[in-house]
Amino acid sequence: MSVRYLSCGDTAFTVEFGNEISPAINGQVMALHAVIADARKAGKLAGPLAGIVETVPTMRSLMVTYDPLSTTRAELQPEIEALVAKGLKASGKTRQVTIPCCYDGEEFAPDLKDVAKATKKTPDQVIEAHLKSAFKVYVLGFMPGLAYIAGLDPTLYLPRRSQPRVRLPRSTVAIAMDMTTIYPFESPGGWHLIGRTPLMMFDQRQPQPVFLAPGDSVTFQRIDRKTFDRMAHDAERGTLDWSKMVKA
Amino acid sequence: MTAALKVVRPGLFDTVQDFGRIGFMALGMPTAGAMDRIALSLANALVGNPLDTACIEIGVMGPDLLVEADSVRIALVGPLSPSLIDGPDAAPKPLESDRSHLLKRGQILKVGMIDGSSTAYLAIAGGLDLPVFMGSLSTYSRAGVGGFDGRKLAADDVLALKRDAAPAGDERKLGSPFDYGKGPVRIIWGPQEEYFSAKGRKTFVESEYTVSKEADRMGIRLDGPVIEHEKGADIISDGIGPGAIQVPGAGLPIVLLGDRQTVGGYSKIATVASVDLPRFGRLLPGQTVRFQPITVAEAETLRREQEQRLKNAIAGFQTARPPGGIDLAKLYEVNLIDGVVF
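From first to last, the protein sequence lines are chains E and X.
Residue numbering for the first sequence is 7 to 254, as defined by the numbering used here.
Residue numbering for the second sequence is 2 to 343, as defined by the numbering used here.
Treat the hints as calculated values from the structure; they're not laboratory data.
Since the structure is predicted, the reported quantities are computational estimates derived from the model, not experimental observations.
Taking lysine to aspartate or glutamate pairs in the DMTMM-like style, the calculated list, with each CA pair at most 20 angstroms apart, reads:
| hint | chain 1 | residue 1 | chain 2 | residue 2 |
| --- | --- | --- | --- | --- |
| 1 | X | Lys7 | X | Asp87 |
| 2 | X | Lys312 | E | Asp73 |
| 3 | X | Lys183 | X | Glu299 |
| 4 | X | Lys7 | X | Asp71 |
| 5 | E | Lys142 | E | Glu26 |
| 6 | X | Lys232 | E | Glu26 |
Partial list, derived from the structure: chain X residues whose beta carbon lies under 8 angstroms from chain E:
| hint | residue |
| --- | --- |
| 7 | Gly191 |
| 8 | Ile237 |
| 9 | Gly244 |
| 10 | Gln262 |
| 11 | Ala298 |
| 12 | Ala300 |
Just so it is clear, CB atoms sit at the ideal spot from N, CA and C, and this is done for glycine as well.
Turn these sequences into a full structure, and let the hints steer you where they fit.
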């Protein structure tokens with residue numbers, strides 16, 4: 007795998023591990039992201055590496071931003087190259103996140119029937135396939151807290167809707183291509199809507215306002231409407247207990 | 002009673018900004034932050050604040066603010082038409098930019114219109130007493146976070162201040178206007194320059210582009226000759242650094258600034274050098290710009306030189322009172338408050 011270093015001005019560069027979407031390439035991205043984050047936590051970002059401001063993982067690359075007043079590209083890039091050359095192993099310390107989801111009714115799952123028709127399944131089989139998918143968060147972006155979660159059961163692969171919706175509700179669970187996502191805000195969207203979670207993907211009252219992080223392992227858990235209403239009520243008040251849903 | 006500035010009349014787009022929300026791009030959180038960090042730094046230095054203290058960033062037209070504190074020291078930095086200070090029992094008098102001023106309870110600061118730039122900054126000694134969100138006070142209005150209630154200022158907003166009264170001391174002023182540089186805006190090729198044909202790259206650096214009306218804190222869309230792609234406009238999304246110049250399928254460049262999204266799927270031909278980002282953040286619709294490629298190392302050197310010039314400008318602040326003379330402006334203010342007329 008040949009790694010490329012792309013200039014993003016004099017305050018950032020992108021470490022590109024490949025030009026395709028694959029778990030192996032994303033694994034390298036997440037490993038470099040984690041190596042730098044761990045070194046920062048341990049206070050071991052020394053020398054030119056101390057000039058790193060933050061790192062931004064995507065499906066196939068890691069953008070490294072730096073302070074040109076405390077380091078230079080010429081000093082920093084070789085240090086990153088050395089980290090990559092040492093061999094990047096994913097730390098294996100992924101969080102296990104369980105997301106409760108209600109798949110019931112036209113209001114929460116307006117596209118469930120269409121998805122069933124397009125994939126030659128019953129609505130319940132679509133839900134089952136979503137529940138048994140082993141998901142992983144590849145990247146967050148486009149809006150704070152919006153996660154692209156890959157690993158959808160291949161029998162559910164569909165292109166985006168030909169007609170995107172102008173408005174869809176917060177916390178809607180949707181699928182498209184090989185991914186699922188959860189909209190953190192009311193927003194436009196072109197994916198297929200198959201459920202809703204009572205959780206808020208972005209809640210500025212929480213100590214960690216963004217619920218998901220790159221690298222998280224994600225599974226969905228089916229809940230009924232009554233449970234949804236109870237949990238959504240608690241989430242609105244900011245009193246929902248997250249500890250059962252996230253295992254470090 | 003807590004000290005505050007009350008918005009009597011809002012401007013067009015006033016938001017609280019500091020150097021930005023750093024360290025959360027991996028969670029999809031844009032950095033936001035001041036469009037012009039030089040002016041923000043100078044405004045803070047004039048009132049004795051740390052340079053990264055949150056200020057009010059003024060877009061196009063400033064607000065009217067009522068002083069609800071015993072006294073407050075402020076500084077406006079940016080090319081403003083005359084601002085006014087309006088007292089309860091005196092005629093309004095002009096208030097100069099690029100220096101600090103002491104205002105008293107009941108006075109109204111009427112910030113002027115911006116002339117020749119898109120932003121100016123109002124610094125307040127001691128700073129604003131607002132909740133810190135993810136390490137910053139910067140407003141990111143698209144998600145409704147940071148600053149004052151996550152949005153631009155509106156009538157009757159009460160901005161709490163950290164200090165009840167301004168500390169004693171002379172007023173300070175900028176020695177001479179800061180030199181933002183002239184000529185083409187310096188850029189660095191990449192990250193996806195290879196997605197453009199040689200002809201497209203030549204068009205980009207040899208043409209004049211005009212700032213369109215679609216210019217805000219997220220980015221500036223430019224009008225001008227179409228830039229030809231070779232490998233197409235779409236990439237697998239990757240990170241977007243400050244000043245990234247993305248070129249969607251229509252071939253017109255968009256320069257991405259503070260409120261830009263963290264990742265994106267359009268090819269980026271080049272990136273504005275950090276030394277020229279404050280200058281770029283000041284551009285107004287209708288103004289023209291040309292681009293000149295430089296190397297990363299050159300850009301880093303230019304940035305360091307600019308930081309040194311900023312330090313020099315701050316070290317070179319003058320006392321607003323002329324040496325050996327009296328500060329007429331201050332005397333006038335005192336009279337205004339005391340109601341004593343000699």
